[in-house]
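The whole structure should be built from the sequences, with the hints applied where relevant.
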Amino acid sequence: MGMFQASPNDDISQLPNVVARDTTGSGTSTLIRQARAGDREAFTRLFQCYNSQICTYLGRLVGNSEAGRDLAQETFFQAWKRLSTLRDDSSFQPWLYRIATNLAKSYLQHEKRIFRLPWEEQKGYGAEMASEWLYVAGPEERMPESQCVLLALARVSPQNRICLLLQLVAGFSQREIATLLGIREKSVSAYVSRGKEQFRLAYQDQKGDERV
Amino acid sequence: MKQSRRVPCPAWAAKLAATHPVDLSPAEHAVLAAHIANCPACASIQRTYWDIEASLLALPPIEPCALHPEQLPAMRRAEGRYLAPFEKKRRDLKLVASPATIRHQPVPHPASLPVSRRARFMKAISALAAVLVVGVLLSGFLVLFTSYHPSSVGSSAPVQSNLAVYAELGGKKSAFYALRPQDGSILWQYHLPDGHTWASGSVVSHGVVYVCADGSVSALRGSDGALLWSHRVGTPGSPFIVDGVLYVGNLQGAVYALRTSDGSQLWRHSTPTLDATIVAVADGLIYTRADGLYVLRTSDGSVAWHAPAFQNVIRPVVVTDGKVYVSVREGRTTAVLRSSDGKPLRSLPLSGDLLAANGFVYILGQEELSAVRASDDKVLWHFQPGSGCPMNSEFSSIYDGTIYEIDSQQTSDVCAFRASDGMLLWHWHQPISDAFSAAVEADGRVYFCIGEKLYALRARDGSLLWYSSWGATGAPAPVVG
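Those sequence lines, one after another, are chains V and S.
Using my numbering, you'd call the opening residue of the first sequence number 209 and step up by one each time.
Using my numbering, you'd call the opening residue of the second sequence number 7 and step up by one each time.
Please keep in mind that the hints were generated in silico from the structure rather than gathered at the bench.
Watch out, some of these pointers could steer you wrong.
[Stated by the list, open to error] Here's a subset of chain V near chain S, in silico, CB distances under 7 Å, partners left out:
{"#": "1", "residue": "S237"}
{"#": "2", "residue": "S260"}
{"#": "3", "residue": "C263"}
{"#": "4", "residue": "G276"}
{"#": "5", "residue": "W288"}
{"#": "6", "residue": "S314"}
{"#": "7", "residue": "S401"}
Idealized CB from N, CA, C, for every residue including glycine.
Shown next, in the form of structure tokens:
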């Protein structure tokens, strides 16, 4: 675990165990309205509902679970500070993802500038972002499916990866992604399309199998 | 023997990837299904998409940290720091070196950390690698000088020796290049920091090029690329220069005004949201997309007005004749606001890319180009360019009476339209698809990037003058000055 510790008052076992959108049900608007009015309890409920999916999204995006947790913390901290600026309750989830995405972009920029990994840890483009899954004992050993997927994802270029994960992991439509990122729908379509192709080709490279 | 890789049909790649239920209309779904039934390659790729997406979604979710965000400042204070997560990493480097002194020490550059013998060995390896990189770069120069220049001889375009094309190019090792506009040969290059990933734009003014990348604005002398000054500005958006002042917003919610002569900061304004990207600067006002349309005064950074109704403003916002034109995505309309106070004046039943020049606003919709007279917002004409010409691609530009629209999502197309009546002047087409930039016209030439290439076309007829290949993709728009 990183710098943060679980609070004994928070029951993480109640968090949703699947990555899907719209996990909060019909009471979301009420919770958001209450949270905007400064109700800490309401914000805690929102935090508990969205924490897992934001954390997973960020972890996949930056290729590092630990950094994903830290960035998720920062996302909710920023959301708590700026909740009063949210104009439309229905846009809470895209707004949250927008904060998360901006933080992840900043993280990736700084991480790439600051880190100088030892040479033996660098296994190609994007490898530094997936270093926790990198080690493979030898060519005779089959890489687990999950590692193939994560390594392939790390090789998708950042902008394409953002759009891809917003579509696949967060479940947004291309129009919603365009609104969220402030770009045109056609651009999102292109980013998703290229991202999927990069993902597919990288995955095939990992598997070493043309059939996939 | 390994078979060649399958690729999706270019015309269907975007639709194949649109897997959200509402991304395609029922009619589009039906047409796609008909294509899939007759195209084994696309059918195979679609199945692969489904498989790997299922694998991605089957991964266990990352277990989150349950610390309530409200407790975050206290936790960080207790640890003697208040830093964003990416900055925390830098502190972690210090921890390795000297745990006893970290908490109240300024952050050293990683290069200044004590090095072990192993690290010294790695340095030696790095030096050897650097020599190899130099060799590769020299080879690259040879390749560049052999780039395609079909009509560099006999070109009728006027030549001004004081101009240069500036572009950020390169793959993992990005560099900012100044190129000779006649043939694309290199005048100088400025290397961006290792690992630099996003460039957010550049601008040229009075022989100096200002590059926004990697957390800074850097001023480079146009003649030789010498660094004049650099100013940290967080994660910057596109810069704008007006009357000797550079304005840039960042993804941390701040807007900066810097004096172009020395980079000194005139003012800084913190907006209430995280994205303070500037979308236009005109008539003494700075338009940012912070929490709607958030407008600051150029003089002191104070808030002139704020229109939160315009959430998720996309570029470009155009300002002309004392009015602001904003494309409203949901309503497929263009809102017209009074620039002095943001008061809504009217709504035009058109939307798309917006351009403004000489008292006219041009709206590049999905299928047609429209011209609106700014004085009375009357639509003067519509023009439907027909198939093949891209419209509403996000990358449009206008120079000296010519509108350029570029798209490279399925094939690469650049179209030039006469701004006076929308007539198509020429259409340049290549059967390639890749990331692309907006087109820039200067000195009788049109410059743009598609994929790994920077192209120069003759502005008069769209004929190819030269291109240079750089081994990079997604390069931002070049600038000329």
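To see whether the hints hold, each was checked on the structure:
{"no.": "1", "hint": "S237", "in the structure": "17 Å, violated"}
{"no.": "2", "hint": "S260", "in the structure": "5 Å, holds"}
{"no.": "3", "hint": "C263", "in the structure": "4 Å, holds"}
{"no.": "4", "hint": "G276", "in the structure": "5 Å, holds"}
{"no.": "5", "hint": "W288", "in the structure": "5 Å, holds"}
{"no.": "6", "hint": "S314", "in the structure": "5 Å, holds"}
{"no.": "7", "hint": "S401", "in the structure": "4 Å, holds"}
Violation of the numbered hints given earlier is confined to hint 1; every other hint is satisfied by the structure.
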